[in-house]
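Heads up: the protein sequence lines correspond to chains A and B, in order.
In this text, residue positions in the first sequence follow our numbering: the first is 5, and each later residue adds one.
In this text, residue positions in the second sequence follow our numbering: the first is 5, and each later residue adds one.
No lab work stands behind these hints, which were simulated from the structure alone.
Be careful, since some hints might not be right.
One copy or two, either will do: identical chains are not told apart, so a pair holds if it fits within one copy or between any two.
Below, in silico cross-link-like pairs of lysine-lysine (PhoX-like), each with a Cα-Cα straight-line distance of 25 Å or less [what the hints assert, rightly or not]:
1. K292 / K385
2. K139 / K385
3. K292 / K53
4. K53 / K83
5. K83 / K139
Protein chains: 2
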Amino acid sequence: MTIDSWSRKRYLILEPPTEEDNCPDQERLLRSLRPEFHQVILELPVLRKMSALCQEACWQVTASLSWDGYRWHLVELEKGDTTQRHYGLCADLGSTTLALELIHMDTGEVLYQTSGLNRQTAYGEDILTRIFYCKDHPERLEELRRETLESFQALFDRAEEETGISISRDCLNLVVSGNTTMTHFLYGLDPFPVFAAPYAVRTLAPQVYRGEELGFPLKGHVYSYPSKANYLGGDILSGMIATGIPFGEELCVFLDIGTNGELVIGNQEFLISGAGAAGPALEGGVVKTGMRAEPGAVDRVELREGQFHLHVLGEQEPRGICGSGIVDLIAQLFLEGWLDMRGKLQEGSTPLICPREEQELAVEYGPGLFFYQSDIDEFLKTKAAANTMVEYLLRQLGLQLSDIQRFYVAGAFGTHISKEAGVTVGLYPDIPRDQLILPGNTSLDGARQMLLHREYRERVEEILDKMEYVQFGAVEDFLQIMVAATAIPHTEYQRYPSVMEQLAKRGRPLE
Amino acid sequence: MTIDSWSRKRYLILEPPTEEDNCPDQERLLRSLRPEFHQVILELPVLRKMSALCQEACWQVTASLSWDGYRWHLVELEKGDTTQRHYGLCADLGSTTLALELIHMDTGEVLYQTSGLNRQTAYGEDILTRIFYCKDHPERLEELRRETLESFQALFDRAEEETGISISRDCLNLVVSGNTTMTHFLYGLDPFPVFAAPYAVRTLAPQVYRGEELGFPLKGHVYSYPSKANYLGGDILSGMIATGIPFGEELCVFLDIGTNGELVIGNQEFLISGAGAAGPALEGGVVKTGMRAEPGAVDRVELREGQFHLHVLGEQEPRGICGSGIVDLIAQLFLEGWLDMRGKLQEGSTPLICPREEQELAVEYGPGLFFYQSDIDEFLKTKAAANTMVEYLLRQLGLQLSDIQRFYVAGAFGTHISKEAGVTVGLYPDIPRDQLILPGNTSLDGARQMLLHREYRERVEEILDKMEYVQFGAVEDFLQIMVAATAIPHTEYQRYPSVMEQLAKRGRPLE
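For reference, chain A alone in the conformation it holds in the complex:
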């Protein structure tokens, strides 16, 4: 697909004014751009510097243009040919992590990728703490807005240091995708209504503003992906662009599970979406020995002949277990028969399972590392929630899992969990593995796609128009479906033939 980005740089060799052609400098400049860019908006600072600069540069100048969604703005003029220095930024503004890419706008190449902590986390690990901190305190809201900007600035600084590219000089535009709360903080809007009935938020779709207005050191414009609803944010819309689900014939499921779960089912014909609380178990931060995917985290677990074999990030001694390790561990425990279908640890099946603090059962998966029954329960609630969202929406549509041609599990999370373990615990459906797609950070991918293809802006509007939204918290029979989904892999285990096969192989058929 041809690049048609939010910015352009054009090297212009202008004719100097003569008696025969004494057209004004402004017109001399704009007429050279008009065939390609039509009615260009000439930013006042450029108007003011234009003439002296053109003379100094012998009328050989480079114009930088930025698209505001409707028209092109001439935002910078430089001496000589600087078209090679044409960059842009895209970002996934997560509530914990900010991921940034620096893009070469002519080639679309990712020149640098980095991520860092969203500095809002200093005001609360979870979003609600931050929201309550700001409520009725505009000055605190401004603090969080600044922290958000400084999170960006920290990554900008790193990118400049690593690449030698000047962000403020050579990066024109930024595309951000984030959930509704993150977008509120970025624009300096109180996000309280995101979580409070009647959920009438400040905006689901901020307009395009100039970088400087928003506090970014960028001469061009900033586009933020719009949200569909308070719980279905711009990161999901960005995922739609990244995966292309709304433009294809194939019937797809798009699932993003974190503290909240977001789901879209559809194709070019229709799109239905939903969101609800999932639970933080998958993020590794909640279980007793859980941790983020950092050095020292167990990220792979195998159980062979009654012995655990662990893979540890950073080749260190294990200190705890991260999301992908948890899924592996539960899958292995279940296949080994140390965990029953209801998700209960089987005392006596192995000496590694025994009561620990307050008589709660735990399995010692590594030396001094314990995974508790309550951790498992927490995980199963989360996976049941995710599972149930899919189930619920499919039922609404009169569809079955077998009708689904692609099943996307988005998020950095999805890329680390093994497909087999995910299926075994019933987090993923038991479908052909090539239909189960773990595309990584689709929010960031969609932001990059948008940056490079401004026509996607209208596509996103079409997607929003077409998409229907269900808020699962408000759905009555949701809990009932969810109970069935709490079992491993599922109460209706017939749906998981590959898991049944594995159990049979190990001599432990479910019947």
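Based on the hints, put chain B in the right spot on chain A.
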């Protein structure tokens, strides 16, 4: 003509969010404006204040909108109904005088009119001094820009004091008309090329910018009339809108004489324009006892039975003579036979004419007040220049004065000179007096019209497209025609039957 101005205020009674209608505040606001204003740009400060303000105001708010030439911007939101406070500004930015009007945007009524010195004059009475002061000194250019803004601010302050209307709160938009140099200073652009070949100025048509960008305390946008050429400025284009010449069937001449003379001839079929140096004689500042039209200035002169009868502004003792006095004086001298057709004072015709300093003849038109032969020569050059411009363009068009249906003499100047005296000295053509129109400050009138009718912006573009421009300095046979026009009223005196009649009445027929 219905008012369709650059700004709107709308009182909105919005429904508060409910479970049934929890659409975001931004959308709640914009959807109420969409039927009338389509895709409104929501300024970031308004987005940020919107929600708290709406809640405090029980969702009864007033939106202020400003037109940028393409789209409407929501630039302010206020509690309750403030639609009554809806004002705008228009200004004629002359090189000496800044004239300002405060307009009620719903009625078009002029609520206050004032004028004051253009503070650039501190840097030189004439424009060239100011231009050379700034040349190659960007910091001096910035000084002049600030002086220009302060000239506005001084009038804003006066207007606020006199009317009690808050400019920064309740005036949204400003329309300015001025010549090319004034526009350059206002936008912070070096006007040197206005007077230096090849006359490739910075811009003839500044784009629409936000008041704040330009340094005005206004929330809306600022439109400046475009110029046709370096010497044919926005004030003339504004005059076109004020008089309606380009839209009517009647063939018109539009003449603006000051230090420079500008001329347009045409109607809805065609427009031809020209400009050239005229001479400052008409502005009263150059002749030895000349002065501005201030208290103490002689503004009317009659000569009855060999005696001067003077009218003095401010009912004071006469201190000097202003433009309208000069025209009266010369007309009376000529009719009395004290001045011949070639414009030479006739020594011996009256004791009031005698040699003065350096043996130069002068007429004592008041006690101790002398008007010199060189003053008369200066005036005649100016009137000849004006006359010749008209003559030249008419010849180009194959037209004669008798083809002209309306002859406009624009400028504050025009309103003070008596028509008869103007005809007598040959400054105006000898046409039926009701076809000779002295419309006053058409630059200011056109600015007001533009403020109230945004569709005129396109009309102005059409006028610019249609208008042809001749620079008289560059015309070869110009001087030749001009010599003939230096006579009183003209070498071809047959063109001035009414003057011939008066002379005959006084027993002094030209033949």
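(request) Give me the numbers of the hints this structure contradicts, sorted from smallest to largest. (result) Going through the list in order, the structure violates hints 2, 3 and respects the others.
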